[in-house]
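Asks: Make the full structure from the sequences, and use the hints.
2 protein chains.
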Amino acid sequence: MAVAVVCGGVGAAKLLAGMVRAVPAQSVTAIVNVGDDVELHGLHVSPDIDTVIYTVAGAIDPERGWGLRDETWHAMEGLDRYGAPTWFRLGDRDLATHLFRSERLRHGASLSEVTAEIAAAWKLGLQVLPATDDPLRTRIRLDDPALGDDDEVAFQDYFVRRQHAVPVKALRFVGAEDAQPAPGVLDAIAAADVVVVAPSNPLVSIDPVLAVPGIRSAVAARRSAVVAVSPIVGGRALKGPADRMLAELGHEQSVVGVARHYREFAGTLVIDTQDAALAPAVEALGLRCQITDTIMRDPSVAAQLCSTIVGF
Amino acid sequence: MAVAVVCGGVGAAKLLAGMVRAVPAQSVTAIVNVGDDVELHGLHVSPDIDTVIYTVAGAIDPERGWGLRDETWHAMEGLDRYGAPTWFRLGDRDLATHLFRSERLRHGASLSEVTAEIAAAWKLGLQVLPATDDPLRTRIRLDDPALGDDDEVAFQDYFVRRQHAVPVKALRFVGAEDAQPAPGVLDAIAAADVVVVAPSNPLVSIDPVLAVPGIRSAVAARRSAVVAVSPIVGGRALKGPADRMLAELGHEQSVVGVARHYREFAGTLVIDTQDAALAPAVEALGLRCQITDTIMRDPSVAAQLCSTIVGF
Chain A
1 MAVAVVCGGV
11 GAAKLLAGMV
21 RAVPAQSVTA
31 IVNVGDDVEL
41 HGLHVSPDID
51 TVIYTVAGAI
61 DPERGWGLRD
71 ETWHAMEGLD
81 RYGAPTWFRL
91 GDRDLATHLF
101 RSERLRHGAS
111 LSEVTAEIAA
121 AWKLGLQVLP
131 ATDDPLRTRI
141 RLDDPALGDD
151 DEVAFQDYFV
161 RRQHAVPVKA
171 LRFVGAEDAQ
181 PAPGVLDAIA
191 AADVVVVAPS
201 NPLVSIDPVL
211 AVPGIRSAVA
221 ARRSAVVAVS
231 PIVGGRALKG
241 PADRMLAELG
251 HEQSVVGVAR
261 HYREFAGTLV
271 IDTQDAALAP
281 AVEALGLRCQ
291 ITDTIMRDPS
301 VAAQLCSTIV
311 GF
Chain B
1 MAVAVVCGGV
11 GAAKLLAGMV
21 RAVPAQSVTA
31 IVNVGDDVEL
41 HGLHVSPDID
51 TVIYTVAGAI
61 DPERGWGLRD
71 ETWHAMEGLD
81 RYGAPTWFRL
91 GDRDLATHLF
101 RSERLRHGAS
111 LSEVTAEIAA
121 AWKLGLQVLP
131 ATDDPLRTRI
141 RLDDPALGDD
151 DEVAFQDYFV
161 RRQHAVPVKA
171 LRFVGAEDAQ
181 PAPGVLDAIA
191 AADVVVVAPS
201 NPLVSIDPVL
211 AVPGIRSAVA
221 ARRSAVVAVS
231 PIVGGRALKG
241 PADRMLAELG
251 HEQSVVGVAR
261 HYREFAGTLV
271 IDTQDAALAP
281 AVEALGLRCQ
291 ITDTIMRDPS
301 VAAQLCSTIV
311 GF
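So the sequences go chain by chain: A and B. Our numbering numbers the first residue of the first sequence as 1 and each following residue consecutively. Our numbering numbers the first residue of the second sequence as 1 and each following residue consecutively.
Covered stretches of chain B, going by a simulated chain A footprint (3 or more residues, C-beta under 8 Å):
#1 71-79
#2 98-107
For each label pair, taking beta carbons as the anchor points, the in silico distance ranges come out as:
#3 A:298 x B:300: 57 to 63 Å
#4 B:62 x A:295: 49 to 55 Å
#5 B:163 x A:109: 28 to 34 Å
Derived from the structure by calculation, the hints contain no laboratory data. The beta carbon of each residue, even a glycine, is placed where N, CA and C say it ideally should be.
Replies: Printed below as a string of structure tokens:
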């Protein structure tokens, strides 16, 4: 059994923590969004990769859902003293990851190389791959009178600094056209018995992975083996702005909107029992629809969901 | 009253903490060694500058004598997990300084500009100048059978990693020939009523400052106004390897050795009461010799010493 999982951050990380309980960790490859990556204080921060690694390692802070447990914030206090930007919070323990990654990148390592090193240091059994080693960044046009019509902000400027409270007008994945899939990505998709699309934001977590030339078509080529998990439950995102963003960008804010967005490359959509009534609408779009409990309250629920997914 | 102080780290920092009690802080300019600076984890660390700033700000850790009070070490723990070098300890609070400095340098600020910004953030009244904005690094040949005869190590490799436990054969200040004094350095020396040479290691703290073309001659031009404080008391360094290093490099391990090393540019040497018997030998070298309590147990003793210095 080989499983490839197309991943954003929190939702994907929870799913992966369940997946490594449902199947041998060595058989799992996570292919992770890098569109949210950001340079801060000269450090390369890869929020989705880190959330995946920390969560599967059992080291994530369970309250915040990002960063490390038992974290302290002394470096941030110091940066605040110097007037450096502190809206993106980097804990002291977490800083080690960004310092190590940045130094390795400066010395010529690729993002996939240093990601493998970080995953190994956390003794993860699964393989964690960035979607691409090349710079690919999500940029967003916002409905903000303070911005010009064509002004774009970086993803974290929208997501963290503005707390995703401003309506989104358009998305662009800068660098995507020139990006190549990281080594191992296409092979993992081709070799997988099941390709899972994690319950992450379709527009800013999954789409930037698929925007790397070759990845979308590789996934679509496996369509009958592709199982997507809806991040929308009862019309709402469990976390983050996926629900509003779907509506703002002209999609239906429901599992049906997700199904329509994924139909070209996903053969199956897993929806929550709350949305059972929408299964016929999903199937009318040409996807199989599986109904189960998708709210991953803890890793054992996630493992149950993953057993269901790989059993399809 | 204007005072310029040629500085290394700990001893100089204690003297400066006293100086700003003895004279208005605004009248004091510290000219600080950068030969110990080191790049670690992609960060530019300036140990002597930071020791000066943290000490005068009252934020230094009083036990260690370096780094900040109430420090935590979580980033170091994390770097250790990744196998990154951790022999040079950087605390979480302290990391903010290195992150801020490194980012400003990458964006084109000079070391003197960012040093002024850091000093301002700590609300220091005195002016803190690096000796030079250019790269100048102390490199050391060691009497270590594991090293080739011509192998050199960086200063911190000797001082911290090897805990200055290996005999020194030779010193070199790489980059000194091409370095220029940082803006304000020569003016501060020329305008000072008193130029103080702090009780720092003559060979690896004071010499690298004087090795910047123009600084040694600027100090020598003020010889009658130059007051050096001996870092050797009773034949021993109060801190660090200055005593052994003097002997290893062929100097007399006493205030007389210091006097001989400084005689060309210092008109006065301040020695401790313990060394009163050596005053004639110092004076025989052509320096005035002042005898007082030079062991700066606390800032009030340091202030008394500084009042004596500026009163000469």
